[in-house]
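Dock the two chains into a complex; use the hints.
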Amino acid sequence: MKITQEFVAAGLRNARYVTNERVETAVFLALALEKPLLIEGPAGAGKTEVAKVLAAMLGTELVRLQCYEGLDEARALYEWNYQKQLLRLQADEAQGLGWEQLSQHIFSREYLLERPLLKAISSPHKAVLLIDEIDKSDEEFEAFLLELLSDFQISIPELGTIRARHRPVVVLTSNRARELSEALRRRCLHLFIDFPGIEQERRILELKIPDLDSALAAAAARFVNSLRKLELAKQPSISETLDWVRALVELGVKEIDLPAVRATLGLLLKHEADRALAESKSAALLQRAR
Amino acid sequence: MREAVIGFINRLRECGVRISIAESLDAANAVAAAGLQRGRMREALAASLIKDEADRPVFDREFDAFFSAGGKRQSQPRRGQSWKGMTGQHGRRSESPGQRPPIKPKAPPSSQSERRPAMQEQPGGKDAVGDQQREVEEKAGLRESQRDKDRAAATAARNRDAELRPFSAYTDLDYEQALKALEPLRRRFRVRLGRRMRAARRGRIDIRRTIRASIQRGGALVDLRLRHRRPRHIDLLLLADISGSVRYASNLMLGLAAGARECFRTVHSFVYVDHLAEASLENGFLNMTPLLDLYARSDFGRVLAELVHTRRHLLNRATLVVILGDGRNNRRPARADLLRQVRRLCRAVVWLNPEEIDRWGTGDSAIAAYAREVDELRACRNLRELAQSLTAVRVAGSNLNQ
Numbered sequence: 421m422k423i424t425q426e427f428v429a430a431g432l433r434n435a436r437y438v439t440n441e442r443v444e445t446a447v448f449l450a451l452a453l454e455k456p457l458l459i460e461g462p463a464g465a466g467k468t469e470v471a472k473v474l475a476a477m478l479g480t481e482l483v484r485l486q487c488y489e490g491l492d493e494a495r496a497l498y499e500w501n502y503q504k505q506l507l508r509l510q511a512d513e514a515q516g517l518g519w520e521q522l523s524q525h526i527f528s529r530e531y532l533l534e535r536p537l538l539k540a541i542s543s544p545h546k547a548v549l550l551i552d553e554i555d556k557s558d559e560e561f562e563a564f565l566l567e568l569l570s571d572f573q574i575s576i577p578e579l580g581t582i583r584a585r586h587r588p589v590v591v592l593t594s595n596r597a598r599e600l601s602e603a604l605r606r607r608c609l610h611l612f613i614d615f616p617g618i619e620q621e622r623r624i625l626e627l628k629i630p631d632l633d634s635a636l637a638a639a640a641a642r643f644v645n646s647l648r649k650l651e652l653a654k655q656p657s658i659s660e661t662l663d664w665v666r667a668l669v670e671l672g673v674k675e676i677d678l679p680a681v682r683a684t685l686g687l688l689l690k691h692e693a694d695r696a697l698a699e700s701k702s703a704a705l706l707q708r709a710r
Numbered sequence: 002m003r004e005a006v007i008g009f010i011n012r013l014r015e016c017g018v019r020i021s022i023a024e025s026l027d028a029a030n031a032v033a034a035a036g037l038q039r040g041r042m043r044e045a046l047a048a049s050l051i052k053d054e055a056d057r058p059v060f061d062r063e064f065d066a067f068f069s070a071g072g073k074r075q076s077q078p079r080r081g082q083s084w085k086g087m088t089g090q091h092g093r094r095s096e097s098p099g100q101r102p103p104i105k106p107k108a109p110p111s112s113q114s115e116r117r118p119a120m121q122e123q124p125g126g127k128d129a130v131g132d133q134q135r136e137v138e139e140k141a142g143l144r145e146s147q148r149d150k151d152r153a154a155a156t157a158a159r160n161r162d163a164e165l166r167p168f169s170a171y172t173d174l175d176y177e178q179a180l181k182a183l184e185p186l187r188r189r190f191r192v193r194l195g196r197r198m199r200a201a202r203r204g205r206i207d208i209r210r211t212i213r214a215s216i217q218r219g220g221a222l223v224d225l226r227l228r229h230r231r232p233r234h235i236d237l238l239l240l241a242d243i244s245g246s247v248r249y250a251s252n253l254m255l256g257l258a259a260g261a262r263e264c265f266r267t268v269h270s271f272v273y274v275d276h277l278a279e280a281s282l283e284n285g286f287l288n289m290t291p292l293l294d295l296y297a298r299s300d301f302g303r304v305l306a307e308l309v310h311t312r313r314h315l316l317n318r319a320t321l322v323v324i325l326g327d328g329r330n331n332r333r334p335a336r337a338d339l340l341r342q343v344r345r346l347c348r349a350v351v352w353l354n355p356e357e358i359d360r361w362g363t364g365d366s367a368i369a370a371y372a373r374e375v376d377e378l379r380a381c382r383n384l385r386e387l388a389q390s391l392t393a394v395r396v397a398g399s400n401l402n403q
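Chains as they are written, first to last, in the numbering used here: chain A, 421 to 710; chain B, 2 to 403.
Hints are computed from structural coordinates only; laboratory data are not their basis. Careful, some of the hints might be misleading.
[As the list claims (entries may be wrong)] Which chain B residues face chain A? A few, computed with CB under 7 Å, are given here:
#1 E24
#2 A29
#3 N30
#4 A33
#5 R39
#6 E44
#7 A45
#8 A48
#9 S49
#10 K52
#11 E54
#12 A66
#13 S69
#14 G220
#15 A221
#16 V223
[To be verified] Covered stretches of chain A (chain B as the covering partner; in silico rule of three or more C-beta atoms under 8 Å from a C-beta of chain B):
#17 473-486
#18 603-615
[Claimed, not checked] No more than 30 Å apart at the CA atoms, straight line, and that leaves these computed lysine-lysine pairs for DSSO-like:
#19 K422/A <-> K181/B
#20 K701/A <-> K181/B
#21 K181/B <-> K654/A
#22 K649/A <-> K674/A
#23 K181/B <-> K546/A
#24 K690/A <-> K649/A
#25 K654/A <-> K628/A
#26 K181/B <-> K556/A
Glycine included, each C-beta is placed from N, C-alpha and C at the ideal position.
One chain only, chain B, in its complex shape (with noise of 0.2 Å):
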């Protein structure tokens, strides 16, 4: 049995679901306790191995396939073929920097029949437990609901491996897609946000007020008296780069941070490809003044320079300035002093940059230049780093001390 449960973890794995080796010994112990009765059986690696609903559906797929009774499907092309095809390009669960997506395409085994032992004991016996069941719960009508059940992973599934899809790999249809996962995900980082705002609001000790309140106790200290901490106004600048590229990020992040308004002041969004523009959200379309040409060569260094000339009012100690681009300036000038200029005027100047880390630098990017003048660079490749990038950023602004 033990090996029963060690293939069908290796299974498991190439399909995407990250199972750890403690995880596979809890597996192991918990089919021991529950036995090998079928219904149990699965729940017990479930409860074991499935730690988000978002894979169950996989896992129930990948149990009836492994466990099928006498290996009666042996013929049978694999069901999850062209799904297991399309998670090793969309590397889920890929997202820490630098890591490969965690797929390899193994070769196929060389007898199908090894890999997927039956059940040892009484097949028939599971088996027919298992059609009993079937049909107790059809007449039960729990078929419908379970279909209803599926159909919410599934889309809580989609919408993770959206968050998780690299930007790189885009396509008009993944953007859709991303659009769909951005309410929850937006949801999410405003929650989030006003959370760890609230937790910074945490303040030192108000000696004075300490004092004043120890009177009462014939001046022993027993209340503290928490100094409280002046909110920090936030005025966002996004700059973000809408040239073909990485136009599909730049949308995400100016929907992102439409949600998370009241978390500052003001908040400006200028998108760029060779000018700068006022950008404008309205029900997820982007207007933008003046229009752009969507396909023209991108000059951030020009763009810099409008920013500095036109815009230098916006440009002040409490500006916290976003830019999202790949730094792809098509040897034109770099301007990176204009962008010291802007460091020296704001509270803080952060780079988001969309591309695959071992492209930055290469070819016509320009980014090694730009990351000497800004505080932080980082690397948002899916949308779920967008949304953290934007969560820390905004948490770090609030931090800094100026």
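Extracted from the complex, chain A is given alone in its bound form (with noise of 0.2 Å):
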């Protein structure tokens, strides 16, 4: 299969993710240049979406880690089943084996729990492996990982090195909550993804909510872009949005106004200070949206 541009902007087209130049450009460069790509921007932008739509494109299957604070490589690369193991010692025993059959057997592909990273890279395919908020894990972790990304290969010291059959598509995403060290920077191809602008925005409304009239669709959509504007703790995200417009479908609402945005703002806004200021300056919001 040859990668070219038009490849991964159909591919992503018919994946039902409405993109720019930008993304198609950075997603097709990590396919054709095989290197990782450094997703960041505001949560909710759908920086996740873009792994799981890049999976789909390449029919293959979509690996995930998601990252937390004291994740370890016990929990990312691979653990040996502990109690597997026990309870196979205790059965040999009974039999009476020497140690040499003993640590043959459970040190064997059979007691090894393989965590998301050791499953991408022994994927008989090539899998998209997705390492989500990767900002969230801690510095040590980071330093692994990035000896990982180079030559993606894992020992065990049971079981000797497992080389990647197929070098997996690594896709990173970051909400910035702490800096990356500029090592990972560099060997990573970087994309930042944004809230979608007006026009956009309503293209992805009319994708995903099929029988949305248009108007309200692009009213929708200049709303929650004024929205965004505010000096807000939590900005409004794209699946937000989503939820909001199709609560204003089954409502029966035609036209944006006052009284709807009253009794739905709490799908867009989950911070009562956030819903307090835009309450307050939702009538001038709307004289903006129409």
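See the structure below:
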């Protein structure tokens, strides 16, 4: 399969992901140059979605590693199934086997718990490895990841080195809870995904909610866009916009007006302070959205 | 094309964007893969060279200037000129200790056209594509959202510049900018601290509880039980010099520390010039009792004496003392012996010096004498280093076993 930018653009479109040239080029390059792609941007702008769409596009499995503080190699790479090994030991002991045989038994693939990274590397196909919210992991883990991303092989002392048969497509996402190391940035292609513009968001709305009136979609996109310009603690994400518009459709709202906004604002803004601020300004915002 | 990419990378480097050799290789490969269509080439270069969204406006501006078809703008003065001068001064990204600002004002190239090659393949065609695209964008009302994005990116860039601006070059204007950058930094500081503290809490194996758990499984040690570490209480005592030379750094430190109160059992803030005064921050304004004469000549020796005599009750095994100052004592007695006494009483004493390292110990600086009596002496010459230092100090404070 020859990877061209047209192929990527069409693939993203078919997966119902509304993009722009920036996203298309970055994804294409990640595939063409076989480099990890680091995606940054505000929460809910569709970073994780890129990896999912990419997996769907390539028709391969998505291996997801959700990072969190305290994530260690045992959780990310592999772990011996301790309980199962113990059981095996006790069973073998009853048969009176020697250590040689015992150790061969308990240190085999059967007793290895594959965690996402190992799974992605040992996958028989080219997998998409999503390392989600890398900024939440510890710095030590990031350093470990660097090593992995450079040669795609893992050595397990008892089993030997496992080398990737196919280099997985690696997508990392970050919300910038902390600064990532320069070394990691250097090794990755970088893509910044911001909230979509009015036009792009309207297209997303129309694509995801089939029976949506296009005037309503445009008005909703404009309204959310102007909401994001307020000084909010948490800006409404795309999925929240989708929920909100779905709610409007369910309620049979034909045109966004003040009562409708008041009733449904909770779907967009989840902080009380944000809601108070937006409600005080909603009349002006609506004026602009028309 | 390769030369053009290399020239463009050099141009970006001059503007203060740090680009490694590996990244320039990536850029060449990326352009080869993505082709020369203007929009794609732009994004291909951006994806491989720009690793921080704050650099994107610079990139876009330089891209437009560099790859302008036919070198039309040759005679125009470069738009980036003033900005470039500014960053040169700021020394953006020159945070690592002892490193010189990476931007050397280069001699202007002999010929402008040499550095700005036109897109060779069908320049007219490409420009037309660009124009068309612009038209479409305008129609779709994308322009406005683009402007918003530019503005957000510019704010991010300003904040980062403020974070990296050396305290020694501060003006009132810089200080105001730094105050704006303080809030996101404070949030990051808090998140980061909370995380480090929690990570540090995972403990050693608790033998007693592990054995007890194993009884259920016939004595096999299946479930490992970890010992819960008792959170260590730390009382923070801040001591900040607010005399002219370092007052910006001190104010910012007090502001940062105010955001991290929950990480400490108590926080006592003191400021000093030639006397000690208790300080509190209210809405970003510094209040102190008694009021200090900001134009007096600083005398840390006397301040230390006051600390030991009047605040003896604050100095105990749980106290982490953080001193911010340049140690310039106007040739008055340094009283480093008192600092040793303070250190003996407390958990740790850390000195943060906002001065450029090569000035330490010159003139009336008594920092060398004090350096011997503290657990750690750190340089914190800009806002980012200050935040990093405070994080490191807090984490170290909880891990010191005394």
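Hints versus structure:
| no. | hint | result |
| --- | --- | --- |
| 1 | E24 | holds (6 Å) |
| 2 | A29 | violated (11 Å) |
| 3 | N30 | holds (5 Å) |
| 4 | A33 | violated (9 Å) |
| 5 | R39 | violated (10 Å) |
| 6 | E44 | holds (4 Å) |
| 7 | A45 | holds (5 Å) |
| 8 | A48 | holds (4 Å) |
| 9 | S49 | holds (6 Å) |
| 10 | K52 | holds (4 Å) |
| 11 | E54 | holds (4 Å) |
| 12 | A66 | violated (20 Å) |
| 13 | S69 | violated (19 Å) |
| 14 | G220 | violated (11 Å) |
| 15 | A221 | holds (5 Å) |
| 16 | V223 | holds (6 Å) |
| 17 | 473-486 | violated (count 0) |
| 18 | 603-615 | holds (count 9) |
| 19 | K422/A <-> K181/B | violated (49 Å) |
| 20 | K701/A <-> K181/B | holds (25 Å) |
| 21 | K181/B <-> K654/A | holds (19 Å) |
| 22 | K649/A <-> K674/A | holds (25 Å) |
| 23 | K181/B <-> K546/A | violated (46 Å) |
| 24 | K690/A <-> K649/A | holds (16 Å) |
| 25 | K654/A <-> K628/A | holds (23 Å) |
| 26 | K181/B <-> K556/A | holds (25 Å) |
In summary, the structure is inconsistent with hints 2, 4, 5, 12, 13, 14, 17, 19, 23 from the numbered list given earlier, while agreeing with the others.
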